[in-house]
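Visitor: Please build the complex by placing chain C on the supplied structure of chain F, with the hints as guidance.
Quick mapping for you: the protein sequence lines, in order, are chains F and C.
Numbered by this note's numbering, the letters in the first sequence go through residues 1 to 209 in order.
Numbered by this note's numbering, the letters in the second sequence go through residues 1001 to 1339 in order.
Hints may contain errors.
Just some of the chain C residues that point at chain F, by a computed CB distance under 10 angstroms [to be verified]: (1) R1070; (2) H1096; (3) V1106.
Simulated coverage check for chain F against chain C, where a stretch passes if three residues somewhere in it have a Cβ under 8 angstroms from a Cβ of chain C [as the list claims (entries may be wrong)]: (4) 103 to 113; (5) 198 to 206.
Not close to chain C: a few residues of chain F, all C-beta gaps over 10 angstroms, as computed [as the list claims (entries may be wrong)]: (6) Q120; (7) L129; (8) Q166; (9) V181; (10) S184.
Source of the hints: derived by calculation from the structure; they are not laboratory data.
Just so it is clear, CB atoms sit at the ideal spot from N, CA and C, and this is done for glycine as well.
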Amino acid sequence: MSYPLANALLIWRLTLEHLQISAVSCLLAILTACPLGVLVGRVRWLAPPVLAAAGIFYTIPSVALFAILIPVLGLGVKPTVLALVLYSQLALIRNTAVGINEVDAALLQAAQGMGMTNTQRFWRVEVPLAIPVIFAGVRTATVMAIGLASIAAYIGAGGLGVLIFQGISTGNTDQILTGAVAVSILALLADAILSSIQHVLRWAMGVRA
Amino acid sequence: MMSAPPAIFLDHVSKMYSRGYAAVSDLSLAIEPGEVLVLVGTSGSGKTTTMKMINRLVEPTSGTIRIGGRDIREIDPIQLRRSIGYVIQEIGLFPHMTVAKNIALVPSLKGWPKARQAERVAELLELVGLPSGEYADKHPHQLSGGQKQRVGVARALAGDPDILLMDEPFGSLDPITRGQLHDEFLKLQGRLRKTVVFVTHDMLEAIRLADRMAVIDAGHLLQVGTPREILAHPAALKVADLVGADVTFKLLAVCSVEQALEPLRDEPLEPKIPPIRSGDTLKDALLAMVAFGQPTLPVVNGGGILRGQITLHGLQQVVANQAQSHPVEESKPSTASKA
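So that you can see chain C by itself, here it is in the shape it has in the complex:
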């Protein structure tokens, strides 16, 4: 496993535009097979350009990009793109094609027989939770924003690619739908284990979805690491700035109740408080504490069996541990992980 090449490897990649403006400068990044890597930064930071270089929608000015060890300049761009799933904002569905036609696009470009295409469409619609009988023949304008996005994901998966590129796919949705789609995406990814490059400017979305985040600003890669590493130990002032002031809240959102679990104390708990599940986040726990005015909550496991309790003090401890001031130079330069 360790010796396998990264799924995607960007090696000192730059993209210069005229007048010496660098959209991306000297960016190196190794993306491991099966991980969700979120490129996060403000608009104009170069994150989308970075992503588009992976399927050759943008050609780098210098540097090399390898997929599975192979220089992508050696691969015909049309074939390369058909082998990579691509999701953009909802607008990317073709309005003149039915849901089925949209999903079957890459298979049809690849020349699959019709029967196999239809089979794949049904399978994928099931996978994203849209019953095929009901949705296959609809047109995109008949779908809600969330449904469109599910179809977009199904379409990207149609050719069974190893790599998915997702460019702010949930950007135009309302927060509730977005949250639902995040959950579904994570569940799906748990099963499929694709290598996902996900672009967003939304720090919370990045924290929720990322196995690792790559923070980009003005074309420079500032830091790569797990959401927790980046929240707890921002490598630069700029990273801390991008992460935002409500770090504590965001940290709680990426830690599970499990991490602050304490044994039950002797005094009985207020019986009317609904228990929190051990798989929930500490953010959920904090919200429940505020909502019920209780600094202590009972914790149950998935089966509803009492596991222990969680306290406000415990939450503070977890945050303090996460956010302990480590010297900046200790954060690994995970960019140059491979020479």
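Bound-form chain F, shown alone:
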């Protein structure tokens, strides 16, 4: 227990770094994947190729992905963020597409029959009703990003992974454990917070939890 107490400030700084990398990645992932998900939900034939592509990214080992990205983007935060964004695509695209597709056709017809334009129907009916499902994807992607962001330290992007990699190279088990436990706590905390938001959303959208 001496290591974390003696290095509290360092751990705090690395935690913030870690959160920053994860948050930026998630934000960018949402901004790219959600519109794609809506498109895939609308244009049915697009679903198999897009999901297959996202699935391929998902299965590439992170080290291999870095090997591809580093020559182009160099070391540091940029390849890390891009990698995390690519990894998150599958969960986000799939959940967005499913969320949009699962909106009851009768509701869409009611919306149309009452005189909503397509834009109004999208924002007032489809998006709110799909949000709980989309948000479940966001939750999965966030937890995954926090875990994977540890690898960022390997290519000099910082974050809690620094403790793990340093600990491995110096044989400091306390340091490794501190890094690993901190990442786990961060992931669990994020999951708990997002889960409660999800419950509120489900309630607000009239879905009985």
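Guide: Chain C in isolation, oriented as in the chain F frame:
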């Protein structure tokens, strides 16, 4: 009044789908202002397609539809739909919106100020018998089936449309709730006098609610007329078939006790029989006769004053008069009422 154009006029309307399948073929129908016209037929008969062509959810392949004399192709579909109330089965309430938001939907689409929307919501909830203070902020999943449907009706009325389209609105309710809602609907319609196009496959519902019924089968309009005309003089074997074998019972359900009222005879009536009201239906009277084992019932008016009596024989007379075999060609082709 006679020269006014029909509220809705379908002029030789057809809807063809691919492979030459006609959902609706050459259907002409004039719907008068303030009447409840029930489109009745089995599922797949084209009744819903016919209704959806009125608010342009479905575009006809050929023919013209006029609302108040105006070809609806000249009206922007979004504006057209906002001017027509639309009720579908309970599923049509938006689950993520409160009751108030659901009802205020068309007013909000029309850009009414918030205060006026709130006023309208309260007014409509009162109208359908749901106290606004209690229900406005609830979500649809907190309501019973019957309450949802009342909200659905309130929502359709929100923009104060002249025309209401109702697509099997009471289909998913249990028979008792459905009966209650029928009564409420008729009471409401008595006050509002909207032009209502009501789609159902339930012949009894059609008979109860319709001013006139339009019987549709396989995309063809078979007959238009009052429920009594259609029950008594089905224009085709197919109509008689759709109306069903228990015609007598259904006929009794659309005739009032008034029609079989007889003066009291000299011999005193069994004192323990509860009287029947003159506004009740003959079906109610028949059920009471069976229940109490009495072929004769006292009849009172709304105020409870004895008006006369009704007998089983009288009931038979009414049915016989209604169902007298008139030649088929005598039933008017009320479809082509306007050229």
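Visitor: The structure should be examined with respect to each hint, and the outcome stated for every one.
Guide: A quick look at each hint next to the structure:
This hint is violated: R1070(C) has a C-beta 17 angstroms from the nearest C-beta of chain F, more than the 10 angstroms allowed. Hint status for H1096(C): holds, given a least beta-carbon distance of 4 angstroms to chain F, under 10 angstroms. At its closest, the beta carbon of V1106(C) sits 6 angstroms from a beta carbon of chain F; the interface hint therefore holds under the 10 angstroms criterion. Interface restraint, the region 103 to 113 of chain F with chain C: holds (8 residues with C-beta to C-beta distance below 8 angstroms; minimum three).
For a cut-off of 8 angstroms, the count of residues in the region 198 to 206 of chain F with a CB near a CB of chain C stands at 3, and the three-residue condition holds. Against the 10 angstroms criterion, Q120(F) falls within the reach of chain C, whose nearest CB is about 7 angstroms from its own CB. Distance check for L129(F) against chain C: the nearest CB is about 6 angstroms away, which does not clear 10 angstroms, and the non-interface claim fails. Remark: the non-interface label on Q166(F) is consistent with the geometry, its nearest Cβ contact in chain C lying 49 angstroms away (cut-off 10 angstroms).
Against the 10 angstroms criterion, V181(F) stays outside the reach of chain C, whose nearest CB is about 40 angstroms from its own CB. Every C-beta of chain C lies more than 10 angstroms from that of S184(F), the closest at about 35 angstroms, which supports listing it as non-interface.
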